[in-house]
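Student: Once you've looked at the hints, go ahead and assemble the two chains, each given alone in its own frame, into the complex.
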Amino acid sequence: MLRDDTGADTFTELVRRLEPRLRRALTAAFGSDIGREAAAEALAYGWQHWSKVGGMDNPSGYLFRVGQNKARHMTRLSRRWSHDQMHFEEPWAEPRFGPAWSSLSERQRVAVGLIHGFDWTLSEVADFLGVSKGTVQTYEKRALRKLRRELGVDS
Amino acid sequence: MSPSIQTQIRQHLQANDDVQAPIGFEEIISRLEPDASVAPAPAARYVRGIWVAAAAAVITLLLLGLIPLFSGSEQPRPADTLPPPTTPSTAASATTIATPETQDGGDTILTQRFTAIPSDPIAVEGSLTWRTVELPAPGQLTVGLDDRIYLLAEDFVWVSRDGVDWTGYPVAPPVDGYRSAIGEDILIDVRGGGGVGDVQSDEPDTFLPVTVAVYDLSAIGSEDGEVTLIAESPLPASDGDGPESVAIGRNGAVVATSARVFYSELDDQWTPVEGLPEGTYAAITAASDRFYITDGTTVFYSTDGIEWTLVHESSSPIRAIGRWGDRAIADDGEAVWGITPQGGEVLYTSNSDRTGPSPWIWQITGSPLSIMSIQADTGRYLYSTDGIDWEDMALPEGWRVSNVFVEDPIAMNSQTILVVASASEGQDGGGIDGKRVLMATP
Chain A
1 MLRDDTGADT FTELVRRLEP RLRRALTAAF GSDIGREAAA EALAYGWQHW SKVGGMDNPS
61 GYLFRVGQNK ARHMTRLSRR WSHDQMHFEE PWAEPRFGPA WSSLSERQRV AVGLIHGFDW
121 TLSEVADFLG VSKGTVQTYE KRALRKLRRE LGVDS
Chain B
156 MSPSIQTQIR QHLQANDDVQ APIGFEEIIS RLEPDASVAP APAARYVRGI WVAAAAAVIT
216 LLLLGLIPLF SGSEQPRPAD TLPPPTTPST AASATTIATP ETQDGGDTIL TQRFTAIPSD
276 PIAVEGSLTW RTVELPAPGQ LTVGLDDRIY LLAEDFVWVS RDGVDWTGYP VAPPVDGYRS
336 AIGEDILIDV RGGGGVGDVQ SDEPDTFLPV TVAVYDLSAI GSEDGEVTLI AESPLPASDG
396 DGPESVAIGR NGAVVATSAR VFYSELDDQW TPVEGLPEGT YAAITAASDR FYITDGTTVF
456 YSTDGIEWTL VHESSSPIRA IGRWGDRAIA DDGEAVWGIT PQGGEVLYTS NSDRTGPSPW
516 IWQITGSPLS IMSIQADTGR YLYSTDGIDW EDMALPEGWR VSNVFVEDPI AMNSQTILVV
576 ASASEGQDGG GIDGKRVLMA TP
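Protein chains in written order, with the numbering used here: chain A, 1 to 155; chain B, 156 to 597.
Here chain B stands alone, though its shape is the one from the complex (with noise of 0.2 Å):
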């Protein structure tokens, strides 16, 4: 006869926990950033260096006995008489010079300070001029609505305007950036989705939720500014979907998974959009108070993300979109078009210098607006700032965009463009730890 299900649960979790070792004060204290030391550092991993080293003197402390591990309320505290993080020195390398400057209270780590010194003019070509820069950490880079730069590196959500000058906020739960999206004083992080089981099986065990972070970014610009977590939930979605996309609205958001596109007034609340042929709406976009959604040939148009209609439908498959000002582009190969309420209407056509291997990656924003894609392959580069006149140019010798950086490798304002790319093997200047960026100056 079988044991309870209650006793099989015991037993085997019971047998797991005699097994596994308990996690120690030295084992956390030991993961705080072993490498810190390599480094020229930004102010949040430097920070984190300096944690390590006030930690390795307590262990030090600790194997001298001078320190009793746990200790009790009578006894000396370890962490309450660590010494708090003091600012650090500039940090030069060739091409770029971190000056961070730590805006601590005490032992509270709050708004971080980055300046990034570009380097001289690598390449001018057209209308831009190109330079490298270091961002403040690796992570993902967006642009809001607001035409600020965001970068999300885990704890940290860094924001700037120009590209050079960064304030971070300290973020918890650190944020995924894999699938983002930010605007309207908000940031949506989805995480999870898809299927985990055994190594040996082809075929997944058990799959993980699709949850979404709302975040609000309201208090960020001050000096004590920080990031709260507003709501984190599960989407109502079937096992095995993934996010696909997601987007923010003046009047809420949309996400979008393999299977089905959801919307919230930005609380813990998603609801399945209805309404919408099947299919698999991988991009999204908001402009203004406007969403534009495309299965890959048509593009649907919402002010709410509940009611939605069509608004243009393309011959050739849809590659990319993107927003510009209140419209959305949408480039099907064979041209690139402006679609607004009212249906689409043809920027820019090219019988062939589109085609190839990687869909175009169109970002669009500013003020004034400008519009700027590239194709991760080969390095080239659309630019245009009125939707009429186009350079068709190549980034700096040497560069490609990485595909790693695909989600959101450009983010740009009327002074500056961020484009996430490395070198190519045996050129100098290549990625260093998906920091080195190239930027690009009017």
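Excised from the complex, chain A in its bound form (with noise of 0.2 Å):
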């Protein structure tokens, strides 16, 4: 469980070792914008119910979901989730895969997202997702199949 992998006995602790995978994986599947934003309503929500939340097995895919649906809320504020959010626009960047990312699914965007771009274990998505191992090599699969058809990429 990522309480071992974190390790917090303090809430300055916890954002030490969560902020940046917290940030990643709803950057990964909201965007930039959103998921930063989610990611920093998220752990001030562990921060005003840290006596709650430090006591949990896992406080990382906890506060995950609760950024999670602080992002979907957002997103349904601004009707609007926008591809054009994440920096695609650096010379080197395949112009067609910010649409091809944007048509996956939130929990794929999420999978490949940090297995792929972070290094995650197929254990750590699943904690964070609170989804088993096989839910996640399956969210993964399907990402990088539709990513290859959409960009015309055999490998």
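Errors might be hidden in some of the hints.
[Claimed, not checked] The calculated label-pair distances, taken between Cβ atoms and stated as ranges, are:
#  : chain 1 : residue 1 : chain 2 : residue 2 : range
1  : B       : Ser373    : A       : Lys141    : 34 to 42 Å
2  : B       : Thr464    : A       : Pro20     : 49 to 57 Å
3  : A       : Pro20     : B       : Glu280    : 58 to 66 Å
4  : B       : Arg316    : A       : Lys141    : 47 to 55 Å
5  : B       : Asp444    : A       : Asp154    : 37 to 45 Å
6  : A       : Lys141    : B       : Thr426    : 22 to 30 Å
7  : A       : Thr138    : B       : Asp444    : 37 to 45 Å
8  : B       : Ser373    : A       : Pro20     : 50 to 58 Å
9  : B       : Glu433    : A       : Leu151    : 20 to 28 Å
10 : B       : Ala386    : A       : Gly152    : 38 to 46 Å
11 : A       : Asp154    : B       : Asp173    : 22 to 30 Å
12 : A       : Asp154    : B       : Pro427    : 34 to 42 Å
13 : A       : Lys141    : B       : Ala374    : 24 to 32 Å
14 : A       : Asp154    : B       : Thr452    : 52 to 60 Å
[Stated by the list, open to error] Calculated Cβ distances over 12 Å to all of chain B for the following chain A residues:
#  : residue
15 : Thr121
16 : Leu122
17 : Ser123
18 : Ala126
19 : Lys133
20 : Ala143
Bear in mind the hints are in silico, worked out from the structure with no lab data behind them. Here a beta-carbon is modelled for each residue, glycine too, at the ideal position from N, C-alpha and C.
Tutor: Pasting the structure below:
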């Protein structure tokens, strides 16, 4: 479980260890602006409810779900999620990558983004999403298949 | 030759990560209700205000270098050394007095108490006396099968039997409240749905899943009660579906999206209902152990959410549906129907007075049973306790039901009717952050 991984006894310790994970996961799912905003809101929620969150086996997964709900709420308020919110404009960037990334489901983006973007293990992603490793693997495979199809890449 | 998909993913996400500023401790605590000092603060928000004050003290200490940021275990621990929230003082406004009381164990935020003191009568219309009252927090009002009034306010579920004394229970993940239902000690919150995409494009690039969260309310009522999450799962809905309506009965729950209807025995399994004619079933109601659902002209009935039987067909479009005891109430603009498994019976007819630009909003509950309907645009209302004799009156002058709250605008029991409304522009007593409501007592 991630509690072993984070080993967080204090909120500040949790922030130090969790912040990059939470921000990257939510950014992969919801784009740069909403993802970062949702991560900050989730951490603020964790601060307010630390006595409860700190005693959980998997505070990371819990705060991820809090962030997910915050992001979904923000997305609904803005009505649209934009792949333009990700930084896909670098000269080396494949112009079709943004739209292809947007076509993935929320969980597919989280799974494939964390595994291949930030070297998370299947177990870490499974804990974050609260699903089995097999389910994460399914998300990842489907996401890769869809990206390959959208971008016309074989490998 | 294009780089591999894995390489492209890494390049894109790492590039994004490189330009994204990390979230620091100071930014986190700066998000705790920066406007908390404005305000007659109700319990939940006031506690946040206490945290803000404590957090500000920590920031000061951090800036003075007295507490190192992200300290190790041998260092002082800011999060653990904050003073616990304390009981706030009484706050008053012109028409209501809030006297919140925090039921708090150390730094653990448990239940919250809130007492709203109604204003003096602002109008007496027919058999109802109207007052204003302030809710403990902005949120969605709804009423459960147990005739308790619930206020879904994101981090807290507030419960009241009279609209005056409220108890707030923390809930996590937070409740959206936009499409939700309460009954049988269960809260169901439906989220997501619809398309999202590039702001420059009319066509969505991707679709949000419709997710159903099921919470257990059975532990509320005690001092250390809490709302716990039982299940949270996506509906097997089609892309672009949006949640329309949800109802909880004794044997399960039904959720309608814009394209399909789903049934669950209150776990994480949602099964598409087969056999209903194609259409959008925007309204469901649960009355006792029965579900009623309408596609706008016909009403179907079910005891289990799986098998549905046609029980009523209207010649005019059905504008609203609600529950009244074990009956459904449907309003087709020409008549108000009381519907049972045996069919529909006319409760109220009118040639003209319910034709208007907006539908009438029906809420029926209470013991003894009461029926109330309000037209948002005009502020007129119908009121009956037996379905036979009706009062057709207007809300107090200047008040109009706010369109923001058409989802669950009214909650009522035998003593109290709460109407989420706002005063017209320029009138006194307008809505304050969605918290000011009208209260009527027979």
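Student: If a hint holds in the structure, say so; if it doesn't, say that too.
Tutor: Hint check results:
{"no.": "1", "hint": "B:Ser373 x A:Lys141: 34 to 42 Å", "result": "holds, 40 Å"}
{"no.": "2", "hint": "B:Thr464 x A:Pro20: 49 to 57 Å", "result": "holds, 56 Å"}
{"no.": "3", "hint": "A:Pro20 x B:Glu280: 58 to 66 Å", "result": "holds, 60 Å"}
{"no.": "4", "hint": "B:Arg316 x A:Lys141: 47 to 55 Å", "result": "holds, 52 Å"}
{"no.": "5", "hint": "B:Asp444 x A:Asp154: 37 to 45 Å", "result": "violated, 57 Å"}
{"no.": "6", "hint": "A:Lys141 x B:Thr426: 22 to 30 Å", "result": "holds, 26 Å"}
{"no.": "7", "hint": "A:Thr138 x B:Asp444: 37 to 45 Å", "result": "holds, 38 Å"}
{"no.": "8", "hint": "B:Ser373 x A:Pro20: 50 to 58 Å", "result": "violated, 38 Å"}
{"no.": "9", "hint": "B:Glu433 x A:Leu151: 20 to 28 Å", "result": "violated, 37 Å"}
{"no.": "10", "hint": "B:Ala386 x A:Gly152: 38 to 46 Å", "result": "holds, 40 Å"}
{"no.": "11", "hint": "A:Asp154 x B:Asp173: 22 to 30 Å", "result": "holds, 28 Å"}
{"no.": "12", "hint": "A:Asp154 x B:Pro427: 34 to 42 Å", "result": "holds, 37 Å"}
{"no.": "13", "hint": "A:Lys141 x B:Ala374: 24 to 32 Å", "result": "violated, 41 Å"}
{"no.": "14", "hint": "A:Asp154 x B:Thr452: 52 to 60 Å", "result": "holds, 53 Å"}
{"no.": "15", "hint": "Thr121", "result": "holds, 15 Å"}
{"no.": "16", "hint": "Leu122", "result": "holds, 15 Å"}
{"no.": "17", "hint": "Ser123", "result": "holds, 19 Å"}
{"no.": "18", "hint": "Ala126", "result": "holds, 16 Å"}
{"no.": "19", "hint": "Lys133", "result": "holds, 18 Å"}
{"no.": "20", "hint": "Ala143", "result": "violated, 9 Å"}
Taken one by one, the earlier hints fail for this structure at numbers 5, 8, 9, 13 and 20, listed in ascending order.
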